[in-house]
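Enquirer: This is what each chain is made of:
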Amino acid sequence: MATTTTPALRTARPRLTRQQRHDLRNGLLFASPAIIGFLVFIAYPILASIYYSFTSYSILQPGHWVGLDNYRELLTDDPVFYTTLENTVYMAVVTIPLSIVLAMGLAMLLNLKVSGQSFYRTIFYLPTIVPFVASSLLWLWIFNPQYGLLNTLLWYVGIQGPGWLGDPAWSKPALVIMQLWGVGGWMIIYLAGLQDVPKELYEAAELDGARWWHKTVHLTIPFMSPYILYSLILMLIGIFQYFTQPQVMTQGGPVDSTRVYALYLYDMAFRFFRMGYASAMAWLLFLLVVVLTILIFKTSARRVYYAGQ
Amino acid sequence: MAQISNAQSASADRLASRRSADNRKIIETIASHAALVVLSLVFLVPFLWLVSTSLKPDTQILVFPPVWIPQPATIQHYIVGLNYIPFLTYLKNTLIYCGLSVLGCVISSSLVAYSLARIRWMGRGLLFAVIIATLMVPAQVTLIPLFLVFKNLGWIGSLKPLIVPYFFLQPFSIFLLRQFFMTIPIELSEAARIDGANEFQIYRMVVMPLATPVLATVGLFTFLNTWNDYLGPLIYLNDPSLYTLSLGLAQFQGEHSVLWGPLMAVSTVMIVPVLIAFFFTQRTFVQGITLTGIKG
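Protein chains in written order, with the numbering used here: chain A, 11 to 319; chain B, 22 to 317.
Just so you know, the hints here were simulated from the structure itself, not pulled from any lab data.
Please note: incorrect hints may appear among the correct ones.
As the list claims (entries may be wrong) - Derived, one-sided and incomplete: chain B residues facing chain A with beta-carbon distance under 7 Å: (1) 220; (2) 281; (3) 288.
As the list claims (entries may be wrong) - Straight-line distance between alpha carbons at most 27 Å, and here's what the computed DSSO-like set of lysine-lysine pairs gives: (4) 46(B) / 123(A); (5) 113(B) / 172(B); (6) 308(A) / 209(A); (7) 123(A) / 182(A); (8) 172(B) / 209(A); (9) 209(A) / 225(A); (10) 181(B) / 113(B); (11) 46(B) / 225(A).
What the hints assert, rightly or not - Just a sample of chain A residues kept apart from chain B, beta carbon distances all over 12 Å, derived: (12) 26; (13) 38; (14) 85; (15) 86; (16) 103; (17) 211; (18) 313; (19) 314.
In this text, all values refer to a predicted model and were calculated from it rather than measured experimentally.
Glycine is no exception: its CB is placed at the ideal position from the N, C-alpha and C atoms.
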């Protein structure tokens, strides 16, 4: 507003008008829950967590400064740590690509404008709203080697099913299958993306005689690449925090085959009360996620197509 | 002559190609329906297995090959399961957790979103960026210091550590509400301001009433998150009289791992309210997910 007649020269800093001061006060006031929340529930814990990671803090006794000992022990003297890291990397490497392919496949099927689209959409989405504890118990029963649903179905087609969660070789694949059952949320996000792809392009491609496969590779996937990138990063963040299902179903067994990173971290902190050690684990996790996210962004920059740019 | 026959064959070709295109469309439709039906069955079978097990008499659960349809169907597992655990206590605790969290989230997120979307103040862009960035922070990083803070406050063993954070910073809800608030014409606020309304009155009387559907979405997602939460109750609740359904059910499994009938019955009871809530609010759900990219 240019109503002020006072020369702005008097102060070096541009002064706020009455309206601006008023807005600033209101803005801060309305945003105060987020500001306080950020300071108390995010900023302080992050800083405290760095500090704890350099101490031997446990609930039972006040810790003392141990420098890099926790990190040294983790990286050089804790074989279980590497096992859990491997398990988590396995879950990420297997689950994420399969989830993306399955969710995209379902979304593309639904996008064919067949009748009953919303009915099918509902069915594919249903598993994602089932509480994790309930679905964990259900799948524990489905994976029961003797009487479970999965081995029964395999038996019908003449296959002797494995021991699933009781067998170290099959426990992670079992968890992957269970994760795939829950891709419905991503399917809906992809479906929204697919509906934004300009129809004229498909029509033009069809006139040129393009087959389904060509349209998918040259139109759908480039247009969907921002969605795929977004889901990739969120899935990555999610899988590193994967906890409830293995905790309820296997408690990390058999022979540590499902002891994922977050499960080990929880055990360290709340069963063995090694809070300092667990904080160091949390920080390595955070760094790993940040580095991987940056890597994904950098390597995908040329491959992701943003419409309108 | 040659020209005419050429033209004729060209038109015949076109006709044939159109017919084959039509045929292809029909085949495509049938194939996609077939694929959708099969996939739907795959996604639904676990639910059928759940309900079927929960209704089977004991003698039909651990048998091979399995009985698919309980004969006769019985609700004995529901009675056993719901009596084995203090179900009503767990339900009450869960509802307190869910209800207060929804309330806190709707109030705090709408206030913050209002500030970010409807008030011009320097720093709001920065604050928004910071709020979105917090989504990157794994819960495990803040878990231990927060636990120690709540411990020093003497809140361990109460629902407070679970509920109180919902009254402060909920990034997804803030994001969703902010996007919606930005679409409300600024003239509405200005008209109210000319009539002498202050900022809070504009928020309360103009913006909030228009946002009811989005507030419902935010409330629903919060309800689901808290109804499903397991890690929070596991860490903060040590007194069985305060257990939520998630925690209670998991403990029950830990102690009675072979009681599949009652386990499936209680799981069904835990899933049903969510399914009902979902069926009544499907549109809201789908819009919410599409808008924010949150998946449940």
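Enquirer: Now tell me if each hint is right for this structure.
Expert: Structure-based check of all given hints:
Because the closest C-beta pair between residue 220(B) and chain A is about 5 Å apart, less than 7 Å, the hint holds. Taken as an interface hint, residue 281(B) checks out: its beta carbon lies about 5 Å from the nearest beta carbon of chain A, inside 7 Å. With its C-beta approaching chain A no nearer than about 4 Å, residue 288(B) sits inside the 7 Å limit, and its interface hint holds. Between residue 46(B) and residue 123(A) the CA atoms are separated by roughly 12 Å; this keeps the pair inside 27 Å, and the hint holds.
Restraint check for residue 113(B) and residue 172(B): the C-alpha separation of about 24 Å stays at or below 27 Å, so the hint holds. Taking the CA atoms of residue 308(A) and residue 209(A), the gap is near 31 Å; set against the 27 Å cutoff, the hint is violated. Pair hint residue 123(A) plus residue 182(A) does not hold up; C-alpha atoms about 36 Å apart against a cutoff of 27 Å. With a CA separation close to 57 Å, the supplied pair residue 172(B) and residue 209(A) exceeds the 27 Å bound.
Of the supplied pair hints, the one linking residue 209(A) and residue 225(A) holds, its CA atoms being roughly 12 Å apart against a limit of 27 Å. Proposed proximity of residue 181(B) and residue 113(B) is supported: the alpha carbons are some 15 Å apart, at most 27 Å. Taking the CA atoms of residue 46(B) and residue 225(A), the gap is near 16 Å; set against the 27 Å cutoff, the hint holds. At roughly 9 Å, the least C-beta separation between residue 26(A) and chain B is not larger than 12 Å, which violates its mark as non-interface.
At roughly 7 Å from the closest C-beta of chain B, the C-beta of residue 38(A) falls inside 12 Å, breaking its exclusion from the interface. Distance to chain B confirms residue 85(A) as a non-interface residue, since its nearest Cβ pair spans about 18 Å, more than 12 Å. Listed as outside the interface, residue 86(A) is consistent with that label: its C-beta sits roughly 22 Å from the nearest C-beta of chain B, beyond the 12 Å cut-off. No Cβ of chain B comes within 12 Å of the Cβ of residue 103(A); the nearest lies about 19 Å off, and the non-interface call holds.
With a minimum CB-CB distance of about 19 Å to chain B, residue 211(A) clears the 12 Å threshold, and the non-interface call stands. Under the 12 Å C-beta cut-off, the non-interface status given to residue 313(A) relative to chain B holds; the minimum distance is some 20 Å. Annotated as non-interface, residue 314(A) keeps its C-beta farther than 12 Å from every C-beta of chain B; the closest such distance is 15 Å.
When each numbered hint is compared with the structure, violations occur for hints 6, 7, 8, 12, 13.
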